[in-house]
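Chemist: Each chain, written out:
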Amino acid sequence: MALGLVPLIVVLSIADGMIDSISARTIETALYHVQAWPLTVTADTQAQTRSKLRAELGAVPGFRSVWPEQQGFALAYSRAGRLGLSVRGIDPSWPAGDPGAARYLKAVQGKLTMPEAGSVWLGREAARKLGVGPGDELKLLTTRTRGTLTFPRVTPVRVAAVVSVGYQELDRLWLFAPLDLTESLFDPGEEPVFWGIKADVPLEKTPEFLQGARRALGPNWQAVSWQSTGRSQFLNYQATRAMLAIVMSLILLVAAVNVSTAMVTTVGERRRETAILKALGASDSLIRRQFLVLGLGAGVAGTLAGLGIGLVVAWGMNGLVTGVDAVVSLITGGSFRLLDSAYYLETIPVRFDPVVLGAACAGSVLLAVLASWFPARRAARERPIEVLRRV
Amino acid sequence: MNHPIALEFRGVSKTFGATEEPVVLFEGLDWSLGTGQSVAVVGESGAGKTTLLHLAATLERPDAGEVLVDGRPTAGLDERELSGLRTRSLGLVFQFHFLLKEFTVVENVALPSWLAGVSKKESWDRARRLVSLVGLEKRSQHYPHQLSGGERQRVALARALVNDPALLLADEPTGNLDVRHARAVQDLLLGLVATEGKTLLLVTHDQEFARRTGQALRLEAGRLVPL
Numbered sequence: 001m002a003l004g005l006v007p008l009i010v011v012l013s014i015a016d017g018m019i020d021s022i023s024a025r026t027i028e029t030a031l032y033h034v035q036a037w038p039l040t041v042t043a044d045t046q047a048q049t050r051s052k053l054r055a056e057l058g059a060v061p062g063f064r065s066v067w068p069e070q071q072g073f074a075l076a077y078s079r080a081g082r083l084g085l086s087v088r089g090i091d092p093s094w095p096a097g098d099p100g101a102a103r104y105l106k107a108v109q110g111k112l113t114m115p116e117a118g119s120v121w122l123g124r125e126a127a128r129k130l131g132v133g134p135g136d137e138l139k140l141l142t143t144r145t146r147g148t149l150t151f152p153r154v155t156p157v158r159v160a161a162v163v164s165v166g167y168q169e170l171d172r173l174w175l176f177a178p179l180d181l182t183e184s185l186f187d188p189g190e191e192p193v194f195w196g197i198k199a200d201v202p203l204e205k206t207p208e209f210l211q212g213a214r215r216a217l218g219p220n221w222q223a224v225s226w227q228s229t230g231r232s233q234f235l236n237y238q239a240t241r242a243m244l245a246i247v248m249s250l251i252l253l254v255a256a257v258n259v260s261t262a263m264v265t266t267v268g269e270r271r272r273e274t275a276i277l278k279a280l281g282a283s284d285s286l287i288r289r290q291f292l293v294l295g296l297g298a299g300v301a302g303t304l305a306g307l308g309i310g311l312v313v314a315w316g317m318n319g320l321v322t323g324v325d326a327v328v329s330l331i332t333g334g335s336f337r338l339l340d341s342a343y344y345l346e347t348i349p350v351r352f353d354p355v356v357l358g359a360a361c362a363g364s365v366l367l368a369v370l371a372s373w374f375p376a377r378r379a380a381r382e383r384p385i386e387v388l389r390r391v
Numbered sequence: 392m393n394h395p396i397a398l399e400f401r402g403v404s405k406t407f408g409a410t411e412e413p414v415v416l417f418e419g420l421d422w423s424l425g426t427g428q429s430v431a432v433v434g435e436s437g438a439g440k441t442t443l444l445h446l447a448a449t450l451e452r453p454d455a456g457e458v459l460v461d462g463r464p465t466a467g468l469d470e471r472e473l474s475g476l477r478t479r480s481l482g483l484v485f486q487f488h489f490l491l492k493e494f495t496v497v498e499n500v501a502l503p504s505w506l507a508g509v510s511k512k513e514s515w516d517r518a519r520r521l522v523s524l525v526g527l528e529k530r531s532q533h534y535p536h537q538l539s540g541g542e543r544q545r546v547a548l549a550r551a552l553v554n555d556p557a558l559l560l561a562d563e564p565t566g567n568l569d570v571r572h573a574r575a576v577q578d579l580l581l582g583l584v585a586t587e588g589k590t591l592l593l594v595t596h597d598q599e600f601a602r603r604t605g606q607a608l609r610l611e612a613g614r615l616v617p618l
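In the order they appear, the protein sequences are chains A and B.
Counting along the first sequence from 1, when you hit position 161 you're at 161 in my numbering, and nothing is skipped either side.
For any residue, its number in my numbering is found by taking its place in the second sequence, counting from 1, and adding 391.
Please note: incorrect hints may appear among the correct ones.
Distance ranges between label pairs, derived from CB positions [what the hints assert, rightly or not]: (1) A:ILE246 with B:ASP555: 57 to 63 Å; (2) A:GLU386 with B:GLY508: 39 to 45 Å; (3) B:ARG471 with A:PRO207: 52 to 58 Å; (4) A:ALA362 with B:GLY462: 47 to 53 Å; (5) B:SER523 with A:GLU386: 31 to 37 Å; (6) A:ARG381 with B:PRO617: 19 to 25 Å; (7) A:MET243 with B:HIS536: 52 to 58 Å; (8) B:LYS492 with A:ASN318: 50 to 56 Å; (9) A:ILE246 with B:ARG471: 38 to 44 Å; (10) B:GLY462 with A:GLU386: 24 to 30 Å; (11) B:GLU493 with A:GLY308: 27 to 33 Å.
Cross-link-like lysine to any residue pairs, in silico, SDA-like; alpha carbons within 25 Å at most [as the list claims (entries may be wrong)]: (12) B:LYS512 with A:GLU273; (13) B:LYS492 with A:PHE194; (14) B:LYS492 with A:SER283; (15) B:LYS512 with A:LEU286; (16) B:LYS492 with A:THR266; (17) A:LYS129 with A:THR145; (18) B:LYS492 with A:ARG378; (19) B:LYS492 with A:ARG377; (20) B:LYS512 with A:SER283; (21) B:LYS511 with A:VAL387; (22) B:LYS492 with A:ASP284; (23) B:LYS511 with A:ARG272; (24) B:LYS511 with A:LEU296; (25) B:LYS511 with A:VAL293; (26) B:LYS492 with A:GLY268; (27) B:LYS511 with A:GLY118; (28) B:LYS492 with A:LEU296; (29) B:LYS511 with A:ARG270; (30) B:LYS492 with A:SER285; (31) B:LYS511 with A:SER283; (32) B:LYS511 with A:GLU273.
Derived list of chain B stretches under chain A, where covered just means 3 residues or more per stretch with a C-beta under 8 Å from a C-beta of chain A [stated by the list, open to error]: (33) 445-451; (34) 482-489.
In case anyone wonders, no lab produced these hints; they're calculated from the structure.
Cβ coordinates follow ideal geometry from the N, Cα and C atoms, glycine included.
Work out the full structure: start from the sequences and follow the hints.
Modeler: In structure tokens:
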């Protein structure tokens, strides 16, 4: 069972770690814990609105901060190429003022400041594809609709920083610009400014925080949590995780078949002893129990070994991958990468969930006992006289 | 065992082999063994001596008729009840000792007692007493492969007696031993039967051994006749 359990534990621990890591990055740098929109337009400036929101949300348990944002789409041009980007209009003080954003949004080149009205931060992969870096100019093609007509607009911007959230999928998409700039690029009716609310609550407690925020904001605001805005993304993660678990469980099933085969062999080898025990008065249930206990012992031992090896392998996965890369690179003389970082996090995160690990171990032991059931029953039904006659 | 008849065959029939060429061993056999008696059965190979013993030991079920142990019919008993009957009332000694190779002498002897639900301490106490009775106290912690053939059979004899069964069933207990060891085991078996007050059904090829029991019978054509 050990060899069957190792991949299951490794895959589940890494899948949980990756989902947690990607979720945390996505929520802290894109989705926010809660996003809110006013249902009616007010004459308040953004500073006034923000001040009011802070006051209202301050009483909600777990409230951390609130930030304005506007999102739109632009086609970016450089001398090297062009790329569709998700433009995020933000308060330039956001990464410095929000510990969550500061934790995940890092400047890999330049500084996280927007010294000019046209200063932007560009995701690392986007910068690589466009062949630009800090100080380089970039042109953004956007459109605005007036009536039935759509007008294109080209806006030159200058890259102040190349940023990364450590997840290449996101680094390929984003361009951060000052909110003042995006408000001139996008139609507020089509791409309205919303307010991103950050909270210091465990992710599973977000619904409670959302309820508190909705009460605090009142009926003139609409608020949704990351569980709604990122629903398809998170469902996709869970579905992928479930599929991986199912595939890995098949390996566990194969291991259970091996246990069953080994038990059949053991039952065959122990026929003489079984016959003697039955001739001396051992009951069918005692014989059956004896082989089930043997299966249970094999299951527990295999599960403990599998759990130990699985935890060690999962925990040392980054070192393992690095080691494989180094060895293969040394042998081939090239630069081998087992995992293409373009599709993964910079490092493989691991999370050990006691409930998941407990369920995997319990399943493994249960499978071993079930796999022993039929050989044990066969041994119990053996007629001693048929065996003793052959001796 | 209080019933005056320790073992009784009532109209027992047993046939072996394929339906085209069946070998009829017994057909309506009626025979009984009184409590406290010792009987030896001799006969040619294939006459059905071992089958007779297996029927008595409830290891084999008759095709027709019934076997009664201590006056109790065994036909209606399920496997669990038969196991209990074998454990409590019957002591079996086979031609091959059938000791468990992973167990020591004392553990082999204690096993049926432990299987009968007796505590481990009591089972081991009984086993040690019997091991001493068969003269193997110095070998009690040895394993079967460390014993001679005669010693193994003496352990098997001690094991058969550990639950203090009233009926002892012995199948060629000396058939696999040389003359000297065979004589020693015979002496021990017959001595124990006499001193412990057991009923004995012995199956053997050895007519001299058979005559040393109280009554010797020959199994011929499915019938038991005086030797």
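Chemist: Which of the numbered hints are not met once you compare them with the structure shown?
Modeler: The structure conflicts with hints 2, 6, 13, 17, 21 and 27, although it agrees with all the remaining ones.
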